[in-house]
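Model the placement of chains P, U, Y, A and G on the given structure of chain F, informed by the hints.
Protein chains in written order, with our numbering: chain F, 274 to 613; chain P, 274 to 613; chain U, 274 to 613; chain Y, 274 to 613; chain A, 274 to 613; chain G, 274 to 613.
For the record, the hints were derived by calculation from the structure and aren't laboratory data.
Misleading hints may appear alongside valid ones.
If several chains are the same, the list does not tell them apart, and a pair holds so long as it fits within one copy or across any two.
[Stated by the list, open to error] Taking lysine-lysine pairs in the DSBU-like style, the calculated list, with each CA pair at most 35 Å apart, reads:
(1) K610 with K450
(2) K461 with K447
(3) K400 with K481
(4) K396 with K426
(5) K481 with K601
(6) K276 with K299
(7) K344 with K400
(8) K461 with K533
Protein chains: 6
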Amino acid sequence: MSKVVTFGEIMLRLSTESNQRFSQAKTFSANYGGGEFNVAVSLANYGIEAEFVTRIPDNEIGHAALQEIRKMNVGMSNIQLGGDRLGIYFLETGVGNRGSNVVYDRSNSAIATIEENTFDWAKIFEKKDWFHWSGITPALSEKAAKECLKAIKTAHQLGLKISCDLNYRSKLWKYGKEPFEVMPQMLKYCNVILGDIDTAFFMLGIDKVNPDYENDEQLKKYYSNITDLCPNLETIATTLRYSINASHQKIGGVLFNNNKIYEAPITDVTNVVDRVGTGDAFMGGLLYSLIKTSDNLQRSIEFAVAACSLKHTIVGDYNLATLAEIEKIVNGDNSGKVSR
Amino acid sequence: MSKVVTFGEIMLRLSTESNQRFSQAKTFSANYGGGEFNVAVSLANYGIEAEFVTRIPDNEIGHAALQEIRKMNVGMSNIQLGGDRLGIYFLETGVGNRGSNVVYDRSNSAIATIEENTFDWAKIFEKKDWFHWSGITPALSEKAAKECLKAIKTAHQLGLKISCDLNYRSKLWKYGKEPFEVMPQMLKYCNVILGDIDTAFFMLGIDKVNPDYENDEQLKKYYSNITDLCPNLETIATTLRYSINASHQKIGGVLFNNNKIYEAPITDVTNVVDRVGTGDAFMGGLLYSLIKTSDNLQRSIEFAVAACSLKHTIVGDYNLATLAEIEKIVNGDNSGKVSR
Amino acid sequence: MSKVVTFGEIMLRLSTESNQRFSQAKTFSANYGGGEFNVAVSLANYGIEAEFVTRIPDNEIGHAALQEIRKMNVGMSNIQLGGDRLGIYFLETGVGNRGSNVVYDRSNSAIATIEENTFDWAKIFEKKDWFHWSGITPALSEKAAKECLKAIKTAHQLGLKISCDLNYRSKLWKYGKEPFEVMPQMLKYCNVILGDIDTAFFMLGIDKVNPDYENDEQLKKYYSNITDLCPNLETIATTLRYSINASHQKIGGVLFNNNKIYEAPITDVTNVVDRVGTGDAFMGGLLYSLIKTSDNLQRSIEFAVAACSLKHTIVGDYNLATLAEIEKIVNGDNSGKVSR
Amino acid sequence: MSKVVTFGEIMLRLSTESNQRFSQAKTFSANYGGGEFNVAVSLANYGIEAEFVTRIPDNEIGHAALQEIRKMNVGMSNIQLGGDRLGIYFLETGVGNRGSNVVYDRSNSAIATIEENTFDWAKIFEKKDWFHWSGITPALSEKAAKECLKAIKTAHQLGLKISCDLNYRSKLWKYGKEPFEVMPQMLKYCNVILGDIDTAFFMLGIDKVNPDYENDEQLKKYYSNITDLCPNLETIATTLRYSINASHQKIGGVLFNNNKIYEAPITDVTNVVDRVGTGDAFMGGLLYSLIKTSDNLQRSIEFAVAACSLKHTIVGDYNLATLAEIEKIVNGDNSGKVSR
Amino acid sequence: MSKVVTFGEIMLRLSTESNQRFSQAKTFSANYGGGEFNVAVSLANYGIEAEFVTRIPDNEIGHAALQEIRKMNVGMSNIQLGGDRLGIYFLETGVGNRGSNVVYDRSNSAIATIEENTFDWAKIFEKKDWFHWSGITPALSEKAAKECLKAIKTAHQLGLKISCDLNYRSKLWKYGKEPFEVMPQMLKYCNVILGDIDTAFFMLGIDKVNPDYENDEQLKKYYSNITDLCPNLETIATTLRYSINASHQKIGGVLFNNNKIYEAPITDVTNVVDRVGTGDAFMGGLLYSLIKTSDNLQRSIEFAVAACSLKHTIVGDYNLATLAEIEKIVNGDNSGKVSR
Amino acid sequence: MSKVVTFGEIMLRLSTESNQRFSQAKTFSANYGGGEFNVAVSLANYGIEAEFVTRIPDNEIGHAALQEIRKMNVGMSNIQLGGDRLGIYFLETGVGNRGSNVVYDRSNSAIATIEENTFDWAKIFEKKDWFHWSGITPALSEKAAKECLKAIKTAHQLGLKISCDLNYRSKLWKYGKEPFEVMPQMLKYCNVILGDIDTAFFMLGIDKVNPDYENDEQLKKYYSNITDLCPNLETIATTLRYSINASHQKIGGVLFNNNKIYEAPITDVTNVVDRVGTGDAFMGGLLYSLIKTSDNLQRSIEFAVAACSLKHTIVGDYNLATLAEIEKIVNGDNSGKVSR
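Chain F extracted, bound-state conformation (with noise of 0.2 Å):
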């Protein structure tokens, strides 16, 4: 059984209820996510061990997200706290022709104002095998982009196969670095990096192309763009999603390994509950299945579709279907019937 560690921030998450505006909102739900938390979360969901990393306010709202990564039983124990606050997002979630909205507020978050040396990476990726990030951490701050720099280096000494998920947002990156001054020198020791090719050309400073997903000679260029730069790179995935409304979205994915493009279809996810935490779905339904069916990655990629449309139907950050749920959708049935 392969030995997961993700690193990278858990927030609390304020959601409106009932679709309603901020303006509206008399109540808030509270759950609690970040993008390599919920991968974690996924990892566990499906039998992986996986551990979480990351440094935590030692509060009564720093001590309920602990209980949150204990209970979805993702390992903790290189967890450290400090820090003055837990990072905050609201969302309003969205509905029909209207998206739904993010503001953050996880300025000078305890992993944000982290110090130097809070971690012993050696330590903690003992008998590990992966090491998962995201574009995510060195968006946040400066100390935060070091000490992800130095975790990934540490696990490509250490031997570990190293993922990312490139993560683009554009709230973020405001501390005065461009992604693509910060990027590259991480990504180059990654094996696996789930992204658009848009946003891979972004972070890594090659100009925008639009790339046509259904032309796969033109993938198999863009995609060797990519690997050129980041030499380690065996596996590129790229989630397509077509936003009809907030409501509606068709996803597919698109897999590059070994010049070999793979391609799950198109599928329409409709009603959207949560759109929110869906890519995190789909990275962690990847890694489940690039380290369970490393030799099938047709079936890779579309394990890792089925498991990012079922999270579009399940309220929070994480994922919540279960192994058999996702298997049932690769396999065809999509009707949603009633087990009884």
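Structure of chains P, U, Y, A and G alone, referenced to chain F:
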């Protein structure tokens, strides 16, 4: 005015709210329902005098069920108090490609542990015209199956019309008997059966055929296979249901009577609010229309389909659509316009 | 900046929650709204100074309505306290093929029982440019109709632009007068009318014609029938609404001005969260765009349709969409993507 | 078994939740109740056959009220459909030194606008033993007062016992008559009156006396002043209530019969959950005990006080305490221990 | 650090909200708890390594219970999956003179139907110091009683300290055995017993004595009657509870050890939020303090009483008070001031 | 009519519901408040023109705060938009012997990071009579303290009365300065101070004295120690609060003016609904009464105490009690009777 008796189990239904999964539920919505009770509610709503016969434990949860029966204007004078517990089922309502999930907790319920001679069926059926039961009751326990058979035979002797909704539930039938060992001797007294052909065949011990519901000649052949084994049978009806996903169903119906096929066209049902009880709504609509408009079987099947389709928009086990609302849909208005 | 006055009733709206029917409701959501107030809120949201004139009872429920008006930044300095009760309407929000249902309980409200000379219209209209009313107020009572006519005449004398949303409600008009006995003398002062052709004809006493909204020449003819009877009329607009079901609407618009037809294309609106007030959102968008972009009538009708379509995703009577959100849709982005 | 008829109004009660003030309420809890209906519910709960007579509008809100009456097992066969609206009252439940506040919105309700000859009282009272009314009905409107008097006279002629809860409400009596102009001719037929001495004097036109409820001789004198004006009166009872604050009440009772005084000791009631309907709970307990234990008036007053005190712990208008719970308190056990 | 094992049942608790009665409940709050689990949670909260042993059905409701155990940081590695159902109990929380009411629906639960040899107790007790059980488990079924005895004997052989909370529940013990037929052979191995003298006498087959808890000499005599029958017994503790009403309790404690009596003074507990689990909170506090401060039995009993009193303010079955909060109360600060 | 300006922070308050602890919260109630805003709301409710000056971030959460200010009829024309975030505080409302707990998350809020010259105080104070601030603002950050001092000096120069609520919060003052280094130079301009003697001494750098509030001579001495350091000081008031437990407070007040002591008697406040903001309610009541009834200081202190006591029954940060409700209590009626 016809007087109908239905016999079966009423349960406490505990359903998760706001699209939550079971593991997320901090509250459960409480409803009371059960296939045969739901049919009685439909009939009472349409102005048919209906009575529900069951056994309910003499505790506060049982009393709450009794209050629900009274509230819905269903006759309750022959309900017996006794037994240890009210059956429960947990419901996680699906959405999109995640189907609803039912966890039964109905073993050892008051009705499943019923003792012989609890009910005086001859007295119950005095001045009654119709007896309705379903395939759920014989699936609960040997004792429930016996009592159900006794009721059916008494009803037959006293000249009541008898109807059955086959209602196969794979999570029931746990007491050591297969449906085909129990159902045929019950179905042979029935005048009206609701169920698809393969379920009927399965329960009557005939091999699966996977019928084509657009092929009238084939349908007639299959239906005559059923009537061969059920000499009292006059009318067979089937809900045609195509599950696009949990939020989007397509519903139609077929009715077979006197070697003629009547069909109600398939209509889209979206967005689905509550899938559970829609078959009971069909059954309730069918009984109502057979009783009230027995000379217009085309309208009967259309009424049943319209009742069923409206139930998908209503929370809870039973159908709260009014006669006027159903008839508006039978008359072709599915527009869902505001009335003001 | 233009200054707009609207006149009408604000009600307490009590709506069932979570798709419940009236008979299931153990709680009602409380909102405050009314056609003319809703228009004022839209304008205030878009930065137009707007004032609402009405009469409100001097009790705690009336005070709550006043607080709502203040909260929405709508002028309230001419509101009169008095009367016995705030009008109420009960709303059961529909879904799928079950339409929303409104039960009015607004008889004898403060505004319906208004006494003569309650308002000093000449003073109210000082330094104002626009007066908006709707066909609901004359439908409430003889007294309300009289006061409305008085306001219209005063506004006309003082040179304000006058707009009307015809807003026919079959459950109102119970005081003994038919619309065509009351409305023509009011409409003849109007510069802008919102309403479909048949409603306008009905209120003006012209026979029903069932117009084809894709036939521009026919439209011009019918619209000129209206302008013949309304000599001040410059602009007529109509919401084109095709109700697939209560959860799925198709919305477009037509605007007639100076013998030209401007059309906004039909767009899908799904999933509908709250159908009520979408006409007022159209009206608010229309007024805003007529005031702000009067030289671009094509954009005006598109803005009105976009405002209307967004309102379908927002709970409550009035539109909380922002200028930026509406303009994004006018500019063609209906994708409902997450902003983060 | 005695058969009791009560006559009056049932209203929709809209109460704020979680200690909110009216201006904070985004939801209202919906209950249905009214003094005379509440008494009928108490009796039905204790096993006395009780029927409620009223007029209810034929709309969805009225239908919900009808369902509530049926649910509580109260007879409803003489209820008339008609009128425009169901009366409403808004309730802000107090706590500590902030008292509960009621805003009535019951003018022009179905019962207040009742037409003559709506009810055939002679037929209603067939095979009935007891008629209960309260001072609220004559306070609603001239029409309601007339109908009430007619009912009382008919009941008297047919030999029913008649009881009245004086129930003075300062926010009613708005139609131009004072209580002393209306009530004496009604009270003179009563066999049982519930109310404090000063209220009785006020309604009978006697000057205020501010009685000392610990002075039996004075009480006898004052009560005889009442019986002088009410020749049919056998029993007068008074709730003794000392309001420490909205969360803490002290409740006792006095009963006068055949020139004897019976007293139930004052007990602490804390914490108060719902103060409304506690007088009706007293009345319901008093009627039950007068009917069932008429030979033990000491127990009667104690039963009424115990029923009243328990109602303070129950949400809603009517008393859901069981006979067993009340008797436990009559027998001295106020400990509120867990039953398990 | 001591390692404690507790054994028993964890149930789904369904409680009515906002002071509702069972018949009013449209939703139930879902919690998970049970006497022995609650004790384990207390210990885990105080930093003692605690493990809970039970049997849980392998369905979604069982999985939710497992997640709750994990969330609370209680060891779960020896929990067995199996059986048909998770036990349920319904709770109506009392207030004032209306006591809380529990309806058990725990027959045939996974633990009650446990098969022999489900648990390998010798392995479970490896490296453990303490075993805690309660009188509830032997009350569930013959099978549960047998397994409990087997666990006790094994723990005794392996040298663990054994504690028991007598926990008599009159609504259990339905399988044909009386407590005194079952409990003595279990209690004789116990080192610590929690329970009042009359309950202990009842379970040991001694006649009721109604002890005076302020008479130390009498207490010593009665406690020595118990130790005579329980030769391993070192410590007996009793919660002193005086129930003023359901909202107001008075709580103290007595501890007997080595022929000495230690008393914690009676303190007022008001307002009670949740009475259930307060005995388990006492037990958890007692075990913690016996383990941690075994040389200060006066502080032990005070800590147990403080833990118990704080639990009354906390919703749910188990105690969420922190060590710091309990110690503040032990140190005399009951003021409930705001911390900010 | 006096015109009052208050300056400080408005925060989003996120409080747990239904007595839950932080770790149990799945939803948070959202309110907006802060000491100085709360005082402005009180004044506006009593008819005094009040304006609130602060800095609020230009995002959706900030806009919601602005809407709240407008809703409460508090002037907002000098509020500046800017900064990164709105301060937040989490509140766990206590009950019984468990106190409320506040977790501040207000670092780096818009007001704490305020830049110099954000406000033009001379313009803000035009035509104003009174400036109110509190000890919270200088506790937030060096920048906030500077701005506060600037406002105070300007107000003093322009001849406004100045009042301060000392409001010591041990969880603030984290930026490196102690209160006594900052507060004296601010307090010396104040005309009115609210705070207990030890807090005043602490902030002014005088040693703790633990005063006896029943010893008038001692009080005069201590108060004169304060006035010695605050030459502009006319009135000092102190809330006397004895916390029996979180649900039961005893509240009185002392006012010192012109060497005279005025006392409001201690009254019981039970049950406490919301303890937070009760000091601000006292302050609001005090300012109102000083402004309106400055010739009756006995009534002033009684009004402040009554306002404070009523606030304990009201959810949220600010006081929604009306003038009439407060005056009823000042006049001696604490009975909490129903008004109907």
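Each hint tested on the structure:
1. K610 with K450: For K610 and K450, the Cα distance is within 35 Å only across copies (26 Å; inside one copy 49 Å).
2. K461 with K447: Only inside one copy: K461 and K447 sit 23 Å apart there, 42 Å across copies, limit 35 Å.
3. K400 with K481: Neither: 40 Å inside a copy, 53 Å across copies.
4. K396 with K426: Answer is within: at 14 Å inside a copy they meet the 35 Å cutoff, but 43 Å across does not.
5. K481 with K601: between (37 Å within a copy, 23 Å between copies)
6. K276 with K299: between (42 Å within a copy, 31 Å between copies)
7. K344 with K400: Both ways: K344 and K400 sit 23 Å apart in one copy and 25 Å across, limit 35 Å.
8. K461 with K533: within (20 Å within a copy, 62 Å between copies)
Hint 3 from the earlier list is the only one contradicted by this structure; the remaining hints agree with it.
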